[in-house]
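Q: Work the whole structure out from these sequences, hints included.
There are 2 protein chains.
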Amino acid sequence: MRVTVLGAGYMGSAMAEVAAMRGHDVRLWGTWHDDALVEAIEQGKDHPRLKKKLDARVTPLRSDKLAEALAGAELVIHGVSSDGIIPVLTKAAAHLPDVPILSVTKGFLLGKSGKMERIDVVASEIAGRPLKYVHAAGPAKAIEVARRVLTWMVFASADVANARACAAAVGGEHLRVTVSDDIAGAEIASALKNAYATGLGLWDGLVGADCHNARAACFQQSVVEMAKLVVLGGGRAESAYGAAGVGDLHVTAAAGRNRAFGERVGKGKPAKTVAAEMLATGELTEGYPAIASARRWASEQGAAELPFLEALHRIVWEGAEVAPTLAALELST
Amino acid sequence: MRVTVLGAGYMGSAMAEVAAMRGHDVRLWGTWHDDALVEAIEQGKDHPRLKKKLDARVTPLRSDKLAEALAGAELVIHGVSSDGIIPVLTKAAAHLPDVPILSVTKGFLLGKSGKMERIDVVASEIAGRPLKYVHAAGPAKAIEVARRVLTWMVFASADVANARACAAAVGGEHLRVTVSDDIAGAEIASALKNAYATGLGLWDGLVGADCHNARAACFQQSVVEMAKLVVLGGGRAESAYGAAGVGDLHVTAAAGRNRAFGERVGKGKPAKTVAAEMLATGELTEGYPAIASARRWASEQGAAELPFLEALHRIVWEGAEVAPTLAALELST
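First to last, the sequence lines map onto chains A and B.
Residue numbering for the first sequence follows my numbering, beginning at 1047 and increasing consecutively.
Residue numbering for the second sequence follows my numbering, beginning at 1047 and increasing consecutively.
Any given hint could be a false lead.
Pairs involving identical chains hold if they fit within one copy or between any two copies, as the list cannot separate such chains.
With a Cα cut of at most 20 Å, we get these calculated DMTMM-like pairs of lysine to aspartate or glutamate [claimed, not checked]: (1) Lys-1161 to Glu-1171; (2) Lys-1098 to Asp-1256; (3) Lys-1111 to Glu-1364; (4) Lys-1097 to Asp-1256.
FYI, nobody ran anything at the bench for these hints, they're computed from the structure.
A: Spelled out as structure tokens, the structure:
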């Protein structure tokens, strides 16, 4: 099967590796931000982020080869980070074959409506036709996926046949895939978890290791708020309680850059400073903008009573002090 | 207010400390297993488990003073570990005043029916009358509660007025309490979380730090199975998704003896050996018997399709090998 992966960062490259393991002919296209990554792959070096050599069946392609990359693809895997989606899909639209697009990208985007929307909605707007869009959700750190550490994911699409086709193409012994038709629930939960994981990191910074109770209470509060928002956005609460919500929040809050960003803010440094420092060392987290876009999306949906998301937004985007803001939290569970 | 705490271990003593902070006259009664703990308190030394001196308003009482301890109590806090409940309540029954009993104990017990039952059901059977039983649930490591680290709990009782009375008595700035009338849901979720936390520890032992995806997937699976069992036992799924379920599972799986027990079994040592070693060093975990009693309770309720609980039981109680048993897991989310 001819598989084209868009985006040569962590998750795109990990999925390219998985597709190659499954015997497919894989083209890994890098965006104009990925030149250094593609060059390392071309030279047979370790992938700079995944710290391993990719399978020889993965053919890297530079950003000027987008049409070539997509020609004849039977499956497209979309791994461009959320801020690159609109420009990449705009360039790709004319070349996208009518095949399932498996997207590992998480977030909300500004739609034609002028409101924040799910990525599948915006992607179809850009393409000018309904795409066979499949959202890959669940706890899946790219490094473990690429190293064949057992991972379970859920693939969600409006027409579950498209999710099944993607599962058949990339699922296997190390990447177990279940399917769902709740694309709204899976995408919304995935988009929210980066924000909430950042919030849980605040506790790690504020109190250090000795705040298990409060952090756990905010974990459950995050789940309750995520479920509420999923339902408000037309999804099913069970998607928030499963892989896309609870599972992905758990892994994101246990390790990774979003949690680390929150921890540094929790120690008292202004979020803007932490973001600048992390950007300078190449660690920029999606959690920082994700908090703003999640809150805007929630507000546009008419959501109320989201005490943890509101507190998080006040701390990270409005300069509220961490300790008194968290101490004043009134949790609903 | 006169408050009597039964059980001078971790959580009973932490709740005694909280009650004293709130200005109550507190008697802390130790069982016949707690003599060394009571002696330390009598001598003004640090509580051996909490590693701090208790508030001077806490009066310790030895196990032969049970009637004296309960006389005139306006609130009873029950902190005896699950294997001590039946003998303690049997002795206490004649002396128990008709006041709310706030219980921090978690588990299932063998009822008069010959089946596993919730603790409130068995406690009322022993007392020979319906008790004003309130179950304290949620992520609450005793050491943090005793040290005034911010903690949120939920108090659940069939008549929510009893839960409110307990919340008014011990809730405050550092211990935030919400109330619920879903005692079935809160107790079942609390009873299950020790088992599931042990299961999450298996991953830490099997793969080490590099298994975030699989561990998180099993966390979400635990939540899904807990919710299913809560509903089967007459509770509301939301109790599994809140403090009693998700929150307490999160804290128990992050730290503590149940997780550590699972980790050691995950490294390949037989569960019986690990249990004996931990018993010898005074660390015995409730997770070991909790797995057996949770599975028996689930089976008596007619539950099916609990792949993670079944795998855990096979590993811990039936000698199944860890790696192939976990690798064969078919998660439902």
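Q: For which of the previously enumerated hints does the structure constitute a violation, in increasing order of number?
A: Violated: hint 3 alone.
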